[in-house]
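Q: Based on the hints, put chain B in the right spot on chain A.
Chains as they are written, first to last, in this note's numbering: chain A, 1 to 177; chain B, 1 to 135.
Misleading hints may appear alongside valid ones.
[As the list claims (entries may be wrong)] So the derived label-pair ranges between C-beta atoms look like this:
id	chain 1	residue 1	chain 2	residue 2	range
1	A	G140	B	D54	39 to 47 Å
2	B	L28	A	L38	19 to 27 Å
3	A	M36	B	G103	22 to 30 Å
4	B	G103	A	V141	20 to 28 Å
5	A	A15	B	V35	40 to 48 Å
6	A	P137	B	E68	34 to 42 Å
7	B	W14	A	E7	42 to 50 Å
8	A	G140	B	R15	36 to 44 Å
9	B	L28	A	E7	51 to 59 Å
10	A	V154	B	G85	29 to 37 Å
11	B	A61	A	D139	19 to 27 Å
[Said to hold, decoys possible] Which chain A residues stay away from chain B? Per the calculated CB distances, all over 10 Å, these:
id	residue
12	L8
13	E9
14	T11
15	V30
16	A32
17	M36
18	R56
19	F71
20	Q79
21	F80
22	F86
23	S114
24	A125
25	W134
No lab work stands behind these hints, which were simulated from the structure alone.
Ideal Cβ positions, reconstructed from N, Cα and C, are used throughout, including at glycine.
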Amino acid sequence: MTRSIIELEVTPDDARVARLAAAAVGLSLVDAAIPMPLPGVKPGLANIVILLTLARFGWRTAVWVSLLRVFAGALLLGQFLAPGFFLSLAGALTSLAALALARSLPRRWFGLVSWSLLASVAHIAGQLLLVRLWLIPHDGVFRLIPVFALAALVFGVLNGLAACRLWVEINPEDPPE
Amino acid sequence: MATLREVPSPAGGWRLFLLPGDCLLILLGLVLTLVSFPLFWQGGKGTRAVIRLDGKVFREARLDVAQEIRVPGALGETVIHVEKGRARVRSDPGPRQYCVRQGWLSAAGDMALCAPSRVSLSIEGDKAPYDALNY
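Next comes chain A alone, as it looks inside the complex (with noise of 0.2 Å):
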């Protein structure tokens, strides 16, 4: 019996998106460590990487890294097809979908804060959607609009802000403005 080799091709863009995927990841665990009043209200920080490689190296970049982000981060946290793994993952499409349309805004008007601020209310809207079809098929569920707006509101001009900061690190010339 020959023994058969496969042989994966690794191209720097493979390496660059997990790098960023990695990234994504481990800050998903810090967000899963911050103890929160709510289940479902969380910082996001992973969204600051995303934010970051979108305005970097574009949507199809931000879109890998964000899935990825959503399956390494479920099996770190053995939360893989469990509700908890499908909200995470209804979320992320949703924000990434907020973000295609995001980028589309003229960037002398919007920066990255704007790209955060949407992407977090579509991915509690997202999320919340998903719970209303399957989890809670309850209107009740709504009650909870105003606490979680409030928090991707706030979670998201501060990822937003930490976005812009990082950015500025990684291209001293060329500011977000």
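A: Chain B in isolation, oriented as in the chain A frame:
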């Protein structure tokens, strides 16, 4: 690798990161969030107490006149007190007394279940809550 502390803070402070559009979106988000509180937390006060026995409506009482309602439940008599704006299960023969310990109910949607007695007390508003979502 430089730690965050060593890096000078952005010239002019964090405010420089906010472009006009960003500020606009934040303001819009703030307004929508503030508006969402009364919108989704409406239907607050209840106006009627609905008492069910075996799942069928036994009695409805408006929450404006104080009265005592005695319900012949499966285990014995369940006593329900109605007052202005609130109602409670005063006593129930059930073993665990969950419905009694729930105390006064006043918000639309509140409910106390005396499962062993097959008696329930629920508070309802004039308009069904979450109307804003069922347009």
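Q: Now tell me, hint by hint, if it's right for this structure.
A: A quick look at each hint next to the structure:
1. A:G140 to B:D54: 39 to 47 Å: Violated - the Cβ-Cβ distance for G140 (chain A) and D54 (chain B), about 25 Å, lies outside 39 to 47 Å.
2. B:L28 to A:L38: 19 to 27 Å: At 24 Å between Cβs, range holds.
3. A:M36 to B:G103: 22 to 30 Å: holds (29 Å)
4. B:G103 to A:V141: 20 to 28 Å: holds (25 Å)
5. A:A15 to B:V35: 40 to 48 Å: holds (47 Å)
6. A:P137 to B:E68: 34 to 42 Å: holds (38 Å)
7. B:W14 to A:E7: 42 to 50 Å: holds (48 Å)
8. A:G140 to B:R15: 36 to 44 Å: Given a distance of about 40 Å, which is inside 36 to 44 Å, the answer is holds.
9. B:L28 to A:E7: 51 to 59 Å: holds (52 Å)
10. A:V154 to B:G85: 29 to 37 Å: holds (35 Å)
11. B:A61 to A:D139: 19 to 27 Å: Hint holds: Cβ distance 26 Å, inside 19 to 27 Å.
12. L8: holds (29 Å)
13. E9: E9 (chain A) clear of chain B: closest Cβ-Cβ about 30 Å, beyond 10 Å.
14. T11: It holds; T11 (chain A) is separated from chain B by about 25 Å at its closest Cβ, greater than 10 Å.
15. V30: The claim holds: V30 (chain A) sits with its nearest Cβ about 15 Å from chain B, beyond 10 Å.
16. A32: holds (22 Å)
17. M36: holds (18 Å)
18. R56: holds (16 Å)
19. F71: Non-interface label stands for F71 (chain A): nearest chain B Cβ at 28 Å, farther than 10 Å.
20. Q79: Q79 (chain A) clear of chain B: closest Cβ-Cβ about 28 Å, beyond 10 Å.
21. F80: About 32 Å separates F80 (chain A) from the closest Cβ of chain B, which puts it past 10 Å; holds.
22. F86: holds (23 Å)
23. S114: violated (5 Å)
24. A125: holds (12 Å)
25. W134: It holds; W134 (chain A) is separated from chain B by about 17 Å at its closest Cβ, greater than 10 Å.
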